[in-house]
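Peer 1: Make the full structure from the sequences, and use the hints.
There are 6 protein chains.
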Amino acid sequence: MLRSAFSVITKILPVRTAKAHCDGPCGVYDPASARVAAEAVLSMTKKLLAMEPPQNSDPIAWATYNNTFSRYVAIKEEQAKEAKQELLILWTDYFKPEHLSTYPDLHDTFWKAAKLCSACKVNIDQAKAEELMQAVEKIHYMFWNSKGRADNWITAS
Amino acid sequence: MLRSAFSVITKILPVRTAKAHCDGPCGVYDPASARVAAEAVLSMTKKLLAMEPPQNSDPIAWATYNNTFSRYVAIKEEQAKEAKQELLILWTDYFKPEHLSTYPDLHDTFWKAAKLCSACKVNIDQAKAEELMQAVEKIHYMFWNSKGRADNWITAS
Amino acid sequence: MLRSAFSVITKILPVRTAKAHCDGPCGVYDPASARVAAEAVLSMTKKLLAMEPPQNSDPIAWATYNNTFSRYVAIKEEQAKEAKQELLILWTDYFKPEHLSTYPDLHDTFWKAAKLCSACKVNIDQAKAEELMQAVEKIHYMFWNSKGRADNWITAS
Amino acid sequence: MLRSAFSVITKILPVRTAKAHCDGPCGVYDPASARVAAEAVLSMTKKLLAMEPPQNSDPIAWATYNNTFSRYVAIKEEQAKEAKQELLILWTDYFKPEHLSTYPDLHDTFWKAAKLCSACKVNIDQAKAEELMQAVEKIHYMFWNSKGRADNWITAS
Amino acid sequence: MLRSAFSVITKILPVRTAKAHCDGPCGVYDPASARVAAEAVLSMTKKLLAMEPPQNSDPIAWATYNNTFSRYVAIKEEQAKEAKQELLILWTDYFKPEHLSTYPDLHDTFWKAAKLCSACKVNIDQAKAEELMQAVEKIHYMFWNSKGRADNWITAS
Amino acid sequence: MLRSAFSVITKILPVRTAKAHCDGPCGVYDPASARVAAEAVLSMTKKLLAMEPPQNSDPIAWATYNNTFSRYVAIKEEQAKEAKQELLILWTDYFKPEHLSTYPDLHDTFWKAAKLCSACKVNIDQAKAEELMQAVEKIHYMFWNSKGRADNWITAS
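Residue numbers (this note's numbering), protein chains in the order written: chain A, 1 to 157; chain B, 1 to 157; chain C, 1 to 157; chain D, 1 to 157; chain E, 1 to 157; chain F, 1 to 157.
Honestly, the hints are just simulated from the structure, not real lab data.
Calculated lysine-lysine pairs in the BS3-like style (CA-CA distance at most 25 angstroms, straight line):
1. Lys-96(A) to Lys-46(C)
2. Lys-147(A) to Lys-47(C)
3. Lys-138(D) to Lys-112(F)
4. Lys-115(F) to Lys-138(D)
5. Lys-138(B) to Lys-112(A)
6. Lys-147(A) to Lys-112(B)
7. Lys-81(C) to Lys-96(E)
8. Lys-96(A) to Lys-115(B)
9. Lys-81(E) to Lys-47(A)
10. Lys-46(B) to Lys-96(D)
11. Lys-115(D) to Lys-81(F)
12. Lys-147(F) to Lys-47(E)
13. Lys-147(E) to Lys-46(F)
14. Lys-112(C) to Lys-112(E)
15. Lys-81(D) to Lys-81(E)
16. Lys-112(B) to Lys-115(A)
17. Lys-81(B) to Lys-112(A)
18. Lys-147(B) to Lys-112(A)
19. Lys-138(C) to Lys-96(E)
20. Lys-115(C) to Lys-96(E)
21. Lys-46(B) to Lys-147(D)
22. Lys-147(C) to Lys-112(E)
23. Lys-96(B) to Lys-115(A)
24. Lys-96(D) to Lys-96(F)
25. Lys-96(E) to Lys-96(C)
26. Lys-147(E) to Lys-115(C)
27. Lys-81(A) to Lys-47(D)
28. Lys-138(A) to Lys-112(B)
29. Lys-115(F) to Lys-96(D)
30. Lys-115(A) to Lys-81(B)
31. Lys-138(C) to Lys-115(E)
32. Lys-147(E) to Lys-47(F)
33. Lys-115(A) to Lys-115(B)
34. Lys-81(E) to Lys-81(C)
35. Lys-96(E) to Lys-46(F)
36. Lys-115(C) to Lys-115(E)
With the C-beta cut set under 7 angstroms, the calculated list includes, among others, these residues of chain B facing chain A:
37. Leu-88
38. Thr-92
39. His-107
40. Ala-114
C-beta atoms are modelled at their ideal positions from N, C-alpha and C, and glycine is treated no differently.
Peer 2: Printed below as a string of structure tokens:
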């Protein structure tokens with residue numbers, strides 16, 4: 001950059017704000033990301049509930065059980081965090097003040113959905129995991145409706 | 001574990017929910033984490049506004065300027081994300097429905113603070129960065145007040 | 001765990017393998033995750049190509065331009081990595097040897113798709129970004145076909 | 001950038017170093033970040049020590065216990081890593097050679113603190129977790145003292 | 001940048017592709033990174049197989065055992081993911097179409113190696129962990145051979 | 001676990017410490033990880049110094065240059081952080097107090113190496129990047145010597 005007037009300009013103008021013409025991180029928004037994570041939470045929850053500890057003292061069987069149980073809890077944790085993160089991106093970055101008149105319960109819907117993600121971490125709770133799926137579905141329709149689209153709610157599993 | 005009645009139990013009882021006795025991830029909550037990140041956002045914003053491109057064509061000077069500018073933008077981005085994340089942890093994990101009567105503007109306060117984090121990413125805007133500091137300060141007092149404490153708002157820089 | 005025969009068992013049996021009954025990380029697979037990231041790559045590529053540097057020496061305008069350009073390149077980079085990661089999860093974790101007869105070009109399809117992700121990072125190339133979308137679409141149909149489903153290819157943007 | 005002499009310059013001058021005018025990543029330093037993580041390590045350690053396995057064979061009770069135990073260990077691990085990282089940032093980025101005369105035991109103080117973070121991961125050890133809090137407190141006073149400030153050591157929990 | 005003809009240029013030329021002169025992320029490739037992670041997977045697998053649960057009901061002994069078991073499973077998981085990631089970087093970023101004639105089984109070699117990483121996560125399987133080491137060794141020789149070097153396969157442990 | 005005396009035990013014994021029999025995170029240590037990252041820092045530094053901005057106003061050429069410059073700075077940053085992290089793992093986790101007599105300058109060696117990582121981030125400085133390679137080499141020999149091995153220092157590039 002060759003700007004001969006630069007040093008003059010910096011002293012005259014209060015150089016306090018440099019505004020971009022684009023708002024937001026310009027990503028593409030899609031509740032599908034939150035949905036996939038929520039499906040994984042429900043899947044891991046069911047697998048954990050279905051696990052049967054060994055009937056005997058076989059050390060190999062116990063090591064296997066513990067290895068699997070540990071991993072499932074960790075994956076459930078990670079997917080619940082992912083779901084929460086994806087939902088919050090929609091709340092903070094996609095939805096704007098002008099949406100509040102159409103969706104007056106916007107904040108509460110997202111707050112509850114986020115708290116369901118926590119509940120699924122803290123417990124192995126299939127009812128909560130199913131509630132989370134319903135919360136994401138509600139948000140899915142709210143989102144597409146705000147864009148004038150009626151995309152169906154389709155799950156992968 | 002030796003549980004001889006296990007196989008009987010699993011068939012009789014509907015094994016749908018395993019509830020923990022502890023709620024939440026049991027971390028320690030402190031708005032200091034969000035404050036430190038917000039201070040960094042303001043610091044990087046000021047440094048970016050203070051940068052002067054080289055007056056001449058010196059390639060070394062230009063490479064330096066570009067290296068520094070790039071890095072400052074990246075650090076500002078990272079700290080703004082960190083601030084947003086830390087604030088949202090307080091909103092989703094710390095505050096509970098019973099807090100809504102004492103802090104009726106809870107959701108809106110956090111929503112605005114999160115949107116200020118975005119604004120600081122998208123622009124190099126000292127006014128917004130200072131507004132973010134004020135938003136975090138408001139949340140600081142809301143948080144400690146809810147715990148019956150009056151910790152002072154003290155910044156590191 | 002009370003296992004009185006434990007110490008005996010460990011010395012008699014070669015304790016070399018503890019096998020789990022479940023295969024894979026048991027996540028839920030959906031090409032939607034790769035699609036969303038690829039859409040973001042294309043979106044950022046278009047925005048970058050549309051950016052106009054300031055016509056003058058205005059330092060604020062230049063700081064804004066550089067801040068935005070930097071951020072867009074970083075988001076394009078991050079989304080291209082995300083797309084590659086999501087595609088590779090499908091290749092390594094979902095597809096199995098038995099799929100090779102139905103999809104003999106499986107490896108090459110994924111290799112090319114991954115290399116398109118790299119090309120989109122290295123260049124600001126709308127043609128490559130559109131090729132990446134087509135690669136993900138091909139994988140979308142391959143994936144759902146392997147599950148006996150015919151889910152439509154629907155994009156968010 | 002319009003630099004007509006560029007190609008000449010690059011061939012004449014050995015273009016080996018492009019120096020920035022600013023040193024360090026320019027973040028804001030505050031031992032509060034390490035403190036919060038250390039508090040979480042102590043908190044998780046106490047919760048783990050307080051956990052009581054079920055008295056019976058109830059599979060739900062056992063799944064709950066294992067889910068919670070797993071999660072607490074993972075959070076303790078993550079917070080211990082966070083504490084170590086934050087402490088090391090202060091050691092490598094904030095403290096400079098000129099500080100060694102005032103704080104001759106600087107290196108050893110940080111080395112021991114980092115090793116306490118490891119000890120808290122490897123064991124469920126309340127004594128070590130409390131020692132870690134004391135190590136962070138010592139560093140807190142060393143840090144603020146080096147800045148000519150006397151900020152109090154205040155914990156969130 | 002002072003470019004007076006800018007606005008004219010953008011309207012005349014189809015501004016669709018901005019090509020860089022460098023291909024790839026320009027990192028340095030070395031199978032050592034995958035080797036170190038695979039060594040850790042084998043190490044953790046052996047430690048897990050060597051663990052002996054307490055012979056009695058001592059709660060402290062049980063908490064210790066569970067803390068250690070959990071951590072080892074988590075480290076095994078993390079290292080297996082790391083090994084997979086490092087291997088896939090070589091496959092997608094280093095190897096090119098021109099390598100296929102010399103290494104016709106390239107894709108299958110990497111696919112199998114990635115699936116071995118998964119197997120080591122899902123099971124505590126020393127045979128699979130040793131197979132993974134052999135897979136990484138095969139790739140080590142394929143890689144260095146493609147560069148006209150004959151670096152020895154040397155392990156850290 | 002069936003432990004009928006559990007409730008009695010917890011009240012009699014001060015249940016404060018659950019000690020593991022294994023020390024450290026049990027990973028495999030190898031300075032190769034730090035070496036690969038340091039090689040990448042040097043590589044990116046050289047590429048950045050070799051970049052030539054376009055001679056003209058061509059917007060495509062400028063977008064390409066900026067995209068590449070940005071990416072190289074980001075990769076240099078990431079690799080410098082990686083190098084620092086890998087070095088610090090050796091300092092905090094591998095080296096023990098008993099090593100201080102053999103390597104009295106241990107702390108200072110690592111402190112300087114970490115500060116070189118920072119210098120390579122802050123500047124585009126080939127001399128510092130080469131110094132970093134030498135620091136890692138010194139640590140390589142210190143490490144293998146402490147294990148009674150004499151592994152050669154071999155670089156990938």
